[in-house]
Amino acid sequence: MEDRDRFSEDTQRRSCSKPPVRNRRACRETEKDRGKTKPGLPETRKTGLQCSDHMNQPLPFWLLLCVAVFSLSTRFYNITEPPHVCWDETHFGKMGSYYINRTFFFDVHPPLGKMLIGLAGYLTGYDGTFPFVKPGDKYEDHNYWGMRGVNNNISYTLQPFSLSWWLWLILTGVNLSGSLGVKFVGLFVIILVGISTAWDLWKLLGDLNLSLVDFAKHLFARIFGLIILPLFLYTTIFAVHFAVLNRSGPGDGFFSSAFQSRLIGNNLHNATMPEYLAYGSTITVKNLRIAGGYLHSHWHLYPEGVGAHQQQVTAYLHKDYNNQWLVKKPDNHAETPELVRHGDIIRLEHRETTRNLHSHLHEAPLTKKHLQVTGYGINGTGDLNDLWQVEVCGGKKGDPVKVLRSKVRFLHRSTGCVLFSSGKTLPKWGWEQVEVTCSPYLKETPNSQWNIEDHINPNLPNISLHVLKPSFLEILLESHIVMIRGNSGLKPKDNEVNSKPWHWPINYQGLRFSGVNETEYRVYLLGNPVIWWLNLFSLGLFVVMVSVCSLALQRGAKLEGERKAHCRVILEGGGMLFLAWLLHYLPFYTMGRILYYHHYFPAVLFSSMLTGITLDTFLQNVDLLCRPPYSKYILRGGQTVLLVGILYSFYLFHPLSYGMRGPLAHDPSSSMAGLRWLDSWEF
Amino acid sequence: VMQGLKLPLTVKCEVDLLLVAVTVLSFLTRLSGIQFPKAVVFDEVYYGQFLSLYMKRVFFIDESGPPFGHMILALGGYLGGFDGNFVWNRIGAEYTSNVPVWTLRVIPALAGSLCVPLGYLLMVELGFTHLTALGASVLLLLENSLIVQSRFMLLESVLIFFLLLAVVSYLRFYNAPNNSLCRWLWLILSGASCAFAVGLKYMGLFTYLLLLGLAAVHTWHVIGDKTLSNVSFYCYVVARFLALVVLPVVMYLGFFYVHLTLLYHSGPHDQMMSSAFQASLEGGLARITQGQPLEVAFGSQVTLRSVSSKPLPCWLHSHKANYPIRYENGRGSSHQQQVTCYPFKDVNNWWIIKDPSKQSLVVSSPPRPVRHGDIIQLLHGMTSRFLNTHDVAAPMSPHSQEVSGYIDFNVSMPAQNLWRVDITNRESDRDVWKTILSEVRLIHVNTSAVLKLSGASLPDWGFRQLEVVGDKIYKGYQQSGVWNVEEHRYGRSHEQKERELELNSPTHDDINRNLTFMAKFIELQWKMLTVRNEEAEHKYSSLPLEWISMDTNIAYWLHPSSNAQIHLMGNIVTWTFANLALFVYVLLFLAYLLRRRRKINDIPEASWEQLVLAGVVCSGGWAVNYLPFFLMEKTLFLYHYLPALTFQILQIPVVVEHLYIYVLRSASQQKAFGGVVLAALCSVYLCYHTFSPLTYGQPELTSEQLAALRWRESWDILFRKR
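Protein chains in written order, with the UniProt record's numbering: chain A, 1 to 683; chain B, 1 to 722.
A hint or two may mislead.
Below, simulated EDC-like cross-link-like pairs (lysine to aspartate or glutamate); rule was C-alpha separation at most 20 Å, straight line [stated by the list, open to error]:
#1 A/K443 - B/E713
#2 B/K599 - A/D200
#3 A/K443 - B/D551
#4 A/K402 - A/E338
#5 A/K369 - B/D716
#6 B/K472 - A/E518
#7 A/K368 - B/E633
#8 B/K539 - A/E518
#9 B/K472 - A/E682
#10 A/K319 - A/D207
#11 B/K472 - A/D679
#12 A/K443 - B/D716
#13 B/K472 - A/D667
#14 A/K368 - A/D320
#15 B/K539 - A/D214
#16 A/K428 - B/D460
#17 A/K407 - A/E432
#18 A/K558 - B/D225
#19 A/K424 - B/E633
#20 A/K328 - A/D399
#21 A/K428 - B/D551
#22 A/K369 - B/E633
#23 B/K599 - A/D207
#24 B/K599 - A/D667
#25 A/K443 - B/D460
By construction, these hints were calculated from the structure, which means they are not laboratory data.
Just chain B, with the same shape it has in the complex (with noise of 0.2 Å):
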């Protein structure tokens, strides 16, 4: 503080020319003219779709990744002042002059240069030279397919970056020396890294997964010191723990947090979800629920949502048609009024509680709310049938009971109408049947069959909803068993006519209900995880095997009239010279680790170190960002490798500089190999050269060049048709 103060004021300052210098230019080939092409590129299509609902703060599940990815381009957004209309539906098509294409995409891009310095830091800061960290930014700095995925409205380069800062930071809190405030600021730098990295995409959680590990083995060796008193290193691995562990799952909560608050409008997913989650959006099904009452009591009327929304969200509903006499396949049935699950609004869907005890229909004052363990009957609204099952096979679940509306046919077949109420979600065994809140069992008196959604569908007889069915082997906690009440009113009509009008009216009066912050990200997480789409394949999907050798490409845009177009496409010498170089590496690392098993050491100790710490960061980096896809049943695409590819690239300079020390002796050798380096470096440059008109989609190439491009047969490049 005293020297700050000296006069006169001086500032001393060092700047690592070499490193402004790479990322002056990493600039320069991420930020120029990233406006072009004025048309929607790829993926900017998918994530354009949220980013419009984001502008207008609607609410949507997007089941590939956590939300802090679209908060990013949502920043762009709003920076822009993009006020979300655009119709994202093809590839291609052009931005109408609302869309503010730079500032959309100038974040992705900046993450994207900003990388180039960081692998540059990662080189220093895993002891290399200059020179070495230079070789490691100029292969960045000229890899094609990092610079194609760092100037579109994309996520790639922003997980990348940071994936890089986490692994940077860390290492210079582990370099710093002890104690300096400056060593745990990077710390917390590196957990809030890691947070960002996983808020992005799951894939991050893989990175961070290594930099734990590496973390923990770093701990287990301040454990060991016993330099450190008791106190000292228990504060130091709780410090590690705060920073690493508790603060990017605080921070992971906290971006849910800021997503659903700024997400209120009720839209499109709002059906996945829960209908007390649905209640706590703007618009949707708020306005449905508003002043109903709270309690279910006899003599309500109510309908009744299937918790599970496989197949689909639907409501119990009967309508005024029965069973076929037969089936197709020759069973019978009891020929009474079918129950179905109905996946629409509809005023059958309607039905009262009745207590079986009382001829009343309507809800006595003061109402005398259902409770758990309660015995119901259930009518229907507007044909008078009780929901009744009984021992005949259900249409589609042979197995099960059917359920029906009873008609007494005279049959020696008797009306079995009464149904418990077991609330699965109660807190004491005398809980009160609330509206949206509570999860129902209905099980049946007669037989303890379970009211449950099969998840089949009806034949045309059934008009195609869903069959209900009575399961009597049922067991443990099934959504498909479990029901609850969505909309909800106090019965107050005597007459079958008066209640079908009232039936028929919407249901009004006001309260609001809140669900907490965390029920909200335990369903709504839960949702984004096991919802599936549909497996589609993909044109330009590819193989984890294919990404290797890069045997696959992918088109992003193509000019509507010229031959103009983007790929992204790696820089195949670059790639080659990655997989050399992890190969060589693994073959120094096993050769050095047989040796000094022998207790024969070829290089000092502290270089031994400084190499397997160089492969933990770049071939562990790989193998964590690689390997988990294939076990990964999602269609997969050739940008999925490139976090993989960063670090893989790498590794390149490593090996080189290993090389160059400790395996070659003479200066001539060096020399040679010097020389070998450099021309593999111009050969970068050139490959780099050659594949920029399909990188920035400018200039024009003629066919026969195209044609000259493609240099593998697998390679996809476009040709217009003359």
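Chain A on its own, in the form it takes in the complex (with noise of 0.2 Å):
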């Protein structure tokens, strides 16, 4: 972008100076295009070189298309190999079939690579049925559609209002949708449009001579282009999932029971049952906090260290017989048909394991302020601590329990409290279902509201209810913060690679795609170290030199053609490459959620082209450093080191990407004899 706004104001100065300034122009262009390459592969800095080798010659267009090719030679060589699945395959192919199959499930990322996975599955004749799939397409590709949004926001000193700026404009929206409706990484792009287009408003109310109505038209242009129809775009993205996905299936649990009514299949499409709760009746009682669980018990216990040791009660996300609770009167009496009211004490038996709802005196697991809730007694038979009341929100004595729709509370008869869901995971003990206790704090929050779900008594008519068709809007915020609470449950499992952000930039440890031992067919993630080095060189050379250069100016040195240009690139190109690159990598620091290797992907494209800028820039200016015959040699034999090494190291490595048998790296005879540079790579 910053290239570009100084391109347009020479334009506006120097017009006789056009054909270099086109030129560059294009050479920025090569250098964009990386955003379509993957990142540290040496065609992306062959490029960025010779675009200052090519100042002043025409257009090489050639070189464009020559990147172009490469790029998806090295993308699509050997793409049927290895025949298995590998790594997170397993996990997208799983859904790409569920697609096809319209089956409801729940993922923690928004759902647009999901489906273009399922679409390519579907265009290429794969019917779902298999348990996995392997389409002929990379899942990292959504990382790079927020990249080209960056490019396309570089568009904006096109003539203002003509057809392509349009086009480039609303190519920029449909994008930045495109990029977080595949991962919600897309949102730091997102952050980084909308400040630079902050900033380029900011420049236009400056500009005294744009009136304040041209000013609004390039306001709302942007509003439009960039906020209205990426939104309009992104939910009807959700829209499409949740038309697509229109029958129940394994995520069914997650959601609220209004949410399930929409899926063909679920119990809870066009349910009959009977419209108030009575004694007698089989339920289940659903957690009203967005993501909350079942009301759950199962044989295991409380180990012992954990208040009493008896039955472990907790909520649980999947649909299971366990969930399943019987209503009954204290005194046990089943007469004929009788509706449970608020205000009556009720007794919850567990059906598989005809145990009490319990609670009493001894703290709750993790909660420890709240008290700990159990299944106790045997057949149903057990003692006071057994006895809830039931209480509808809002509603008062003799009040009937609608089914569904009722937000019931149940308190615990003796010791005053309610019973609650804290929404935290119980460690292994508990299956790593969600806690439940008992609160004795009574505020109403959704964590101590519950509804009855399923209702089973062969006693009452059943009723048809159609009731809870939830309006769109709810049911995306609903599917949003499901996904956000997933997102931030992912916790690392117990002996699973968990990736620091630290490890990243200096190319600590990749990822074991496939295969370990010498036999197997082995594709290890992993970045070429000379490039992810080189990266972190200049991340430092870059911030050296951004110093120097701004104190320079505030000095007020005079600065002089090419020198200031240099000086213009550094400061507003490589700031905003800069402030990408921090904006795709500091967030990971805050995130408490499971992370990988190849979620610094995004932020290593920033950095590989700021390398390309910084380094470009300083061999150009090396001549500060010493004299004119010595500087150009260095500036020759820079360009020819950087390219011939980066192309080297790609060939060393590109085992590594394309996949190899054989030994492993410690043994001499193995192709990758001696590149293990580092103890911490596996391969």
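Take the two lone chains, each set in its own frame, and fit them into one complex as the hints suggest.
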């Protein structure tokens, strides 16, 4: 963007110098085009360097084409190897199948990426019956959508409001929604575009030649192109997602009863059940907290040292026969069907284990201020601590309890606390289900409110319930909260590699895609260490150069011609890329979820582009450090060394990406012998 | 100098009577009757336990903040002659006569009182009129929450004092004419106050960063000032750097130095620290480690402590019990002797280091030290089994190897008991293994697995001790795979019976081991930042969003028999005005900013700069002291909001003066506005007066009066059941 701005000013001021300017822009095009190529591959650097070499020659359009061809060939080469499922392909493949079968599922990311995979599978004739697919598309592609978004934003200095201007603007908006629609990491690129757009508008506002009306046009065009349009597309993606996935599937339990009633095959879809809760019914009880689970119990006991050694009661997010409870009167007299009313005292008996829902003065396993909830008694015979008072929120004494629609609270009779789901995950002994406690704080929160979901009572007439059609916006909100919860809930499992953000820039450790030992076909995800470390070095160099440059400017140093231009490239272009790198990297430090090496890839793209700019500018200005003839040698020599070094390192490390067999790296006969430069690399 | 000597001797003295008046009032509201109630009030119970430890010079770790806060409270205890003998276990417990309640509470109260004149000075330094400054100080004066927080042995008022002092002194420095000596003293005071604030609470860091940012912008202007020569601008920059960066860092280290010098007794938190650290404390590990030989030799008898204290600090252990043949889940084991990690001192923690090529179990003379890279065997002292690992899945972590005391069952499972010593903190590759100091990995020779604490506990058959495994995919540095020798002696007995007696006898001889201050500092600071107490929910904990509108309060104290009670509760009128002022300021700022961009200047340049500076200090101070709480995972309370609130309140007079001078053009409008402001101040006073019984805890109110004070449903006021 920076360069375009400069060029536009240049064109305004010195229209005579058009040819070189055009040329420069073209150069940047090739540099931008790195967005499409994977980071850390040699072709990208090559273009970056040639850019400066060909400064005064006509536009080498073939170069762009060349890069594209290279890029495609490096990415599709050997794509059918290995013939088994690698890493996340299990994950994304499965979801592709769900789309084709139109089964509703739940994942922690927005659905566009999975839709594409599903579509690819559909187009290649895959019928969705295998447990996983191997579509001809790589899932990382999404990371680069956002990049294109930025690229497009660069095009603001086209003639305002011309057709192509609109086209680029809209393309930016589309790509923004695309990037967010694939993964939430897309949010960072949106922030970046937001910042640069705000900066752009700020400059326009300061331009007194532009009337306020024109400014308003600019403003609204951007609001339309960059906010409304992406939002619309984004919601459309979800609308399609919900429309396609209209069948019940494994993700149902994460959502509220209302949400489930939309899904064909779910027992709440066109449900018929007795309308009011009655004694003798078998019910499931769902917590009203978004992504709250079903009240659940199972044969396992709380371990010793965690409250009383009685049966566990938890909240469980999946549908299961262990979620079923029987509603009984305290004295166990089941006569003619009788409705449960606000203020009634009931017992809840777990159907599978015949234990009663029970609480007592022991502290809860995780939320220490709350009381423990257990299953107690045999065959429904327990004690006074099994009694719960039913309270309909907003109701008064004697009101019946509506199935699905009433928000119900269960007050423990003898301690006065209220049945509560804290949302905290129990450790292994509790099968990583969600804690259920009895809270002494009686504030009405969704955590302490429940609804009756399934309701089976043969003695009562079933009535069709068409009540719960949630609006699209409600579904959208709910699915987002569920996704965000799910995202932050992705904690590393035992013995699972948890990559730390500080590992990434130093290329500390890669990710094993497939294969471990000598006989297997191994693919190992690792950045080209030469490029990675060059990036790291360039980041430091960039900071030093920016400091020197801005200090010199602030002290009023006079910069002439080329030097001035270089200074601007470093400050504005470099600054924007640096900001982009920070935005795509730093937030990971605050994330509690499990992180993987490939989360750094969007950031490394920006970092690689920054490296191009930094090293190029540095070499061009090396005459500040030593006298002319030598500086020229350093410039040429540096460019050659970089280019050759990067190509050669790609050649050295290419077996990692395209897969290899044979002995591991510590064996001298391996193709990777001597290349395991860090002990932490596992090949 | 000549003038000062002029006779007759005169003293020219200017006294700002307004300032004196607010200061006196402030002392009255904060200091009167602070010994009431003579009982533990809310978080006094928390700080009190550390105060007692301080008085007894016992080492402790408090992860909630750096040590300067404890020092300030301990100073109060020291002045009052407190001996530390009080059991801090319950809020509301009556203080015994040996607790100097007044002196303990007077330092926070003094700091809290001085916040009011500092608010006045801050307004003056920002270039506002004395009337505005008076308004600011009155608002601070009548803020119930600040009063409550000042009157007890708590740290927020001290923190706010240093934050305001840092900002005021920096502005003094900024406004002062060039090159006076005083000016640089103000800068140093500013840097020192920042250090004090950060030393009190980590939250102080954010205001410090704000101030650094402000100073950086000002310094940038200095750099751009082309009238300055290169040398002088360089001096200016370095001076600022020294006062605002170097000085605070040095002072921060100084707090820890004093802290560690004062607390030299071992205490309840020793076990969290490394053996070397514990050895530096008097009466703790030092007692045990005295006189141990330094160099571990072949034939040494040692206990091996895991460097990781997660989940518990423990020692490598074995006992006469074997792994069950089959586990609950049906997997098989080697049925050899269990090796575990045991969190208590025990004779079964002793191991003997043996040279694989020799039979001897005693130290030769001269001793042959074990060096990095040497191969050893480890023999369990009491059962004479060799430490062994083999390709059998560990009981709880099946991906790792089982570690056992080798028993030959003749089932073609050979002994694999050779271990290589890998000293991770070695300086050279021929380093000798040293007691306590060396951190060692034991690498299995056959399988290159690393002896490691898995973190899991064994079930009943393993007596719930911690599981030890051989980890084959161990990589990088993990504390759980590193061990050090804690207790150590040279073995002398050739016979097993003698040896058992020897193992049961205590070790003794004498050497003192000293860690450098920096090593201790780094260890302590790291522990303080990484130790997490289990996130405990509290009855009065709240969320940051609830603070803005004061939806929550905290009951600090309730009289044991009557309805008299003290609450942390703000002056709701002031809080509302503060929110309003912040909102108006942001609107004004944006409007001016956009209009200036279009070259429309509504107000003079100087006023605009003043408005921006005031906004950076007040709104900025509010933001940096408030927003970070949204990212924190610890238990939060309303009192965490008070520093932010102080800055937010100071925004009110800024906005009022600006509106009065620049927005209201006609005299009648101004008059009317003046009336409104006066009425607002009156309502602030009324609100203060209404809630003062809950602020001071007296007079006692009836239940009806209390119920009338419950203006919000969410306020938690206590009623005693009759």
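Hint by hint, here is what the structure shows:
1. A/K443 - B/E713: Given that 20 Å is the threshold and the Cα spacing comes to 11 Å, the pair holds.
2. B/K599 - A/D200: holds, 18 Å
3. A/K443 - B/D551: holds, 13 Å
4. A/K402 - A/E338: holds, 14 Å
5. A/K369 - B/D716: With Cα atoms ~17 Å apart, A/K369 and B/D716 stay inside 20 Å; holds.
6. B/K472 - A/E518: Status holds; Cα separation ~17 Å.
7. A/K368 - B/E633: OK: A/K368 and B/E633 at ~17 Å, within 20 Å.
8. B/K539 - A/E518: violated, 58 Å
9. B/K472 - A/E682: Measuring from Cα to Cα gives roughly 13 Å; hence the hint holds.
10. A/K319 - A/D207: Judged against 20 Å, a Cα distance of about 62 Å means the pair is violated.
11. B/K472 - A/D679: holds, 14 Å
12. A/K443 - B/D716: holds, 12 Å
13. B/K472 - A/D667: holds, 18 Å
14. A/K368 - A/D320: Violated, because 28 Å separates the two Cα atoms, which is more than 20 Å.
15. B/K539 - A/D214: With Cα atoms ~57 Å apart, B/K539 and A/D214 exceed 20 Å; violated.
16. A/K428 - B/D460: Holds, because 17 Å separates the two Cα atoms, which is no more than 20 Å.
17. A/K407 - A/E432: violated, 26 Å
18. A/K558 - B/D225: Holds - the C-alpha atoms of B/D225 and A/K558 are around 15 Å apart, at most 20 Å.
19. A/K424 - B/E633: It holds: about 14 Å lies between the C-alpha atoms, which stays within 20 Å.
20. A/K328 - A/D399: Given pair A/K328, A/D399 holds - Cα atoms ~18 Å apart, limit 20 Å.
21. A/K428 - B/D551: Violated: A/K428 and B/D551 sit about 38 Å apart, past 20 Å.
22. A/K369 - B/E633: holds, 17 Å
23. B/K599 - A/D207: holds, 10 Å
24. B/K599 - A/D667: Since the Cα atoms of B/K599 and A/D667 sit roughly 72 Å apart, the hinted pair is violated (cutoff 20 Å).
25. A/K443 - B/D460: violated, 41 Å
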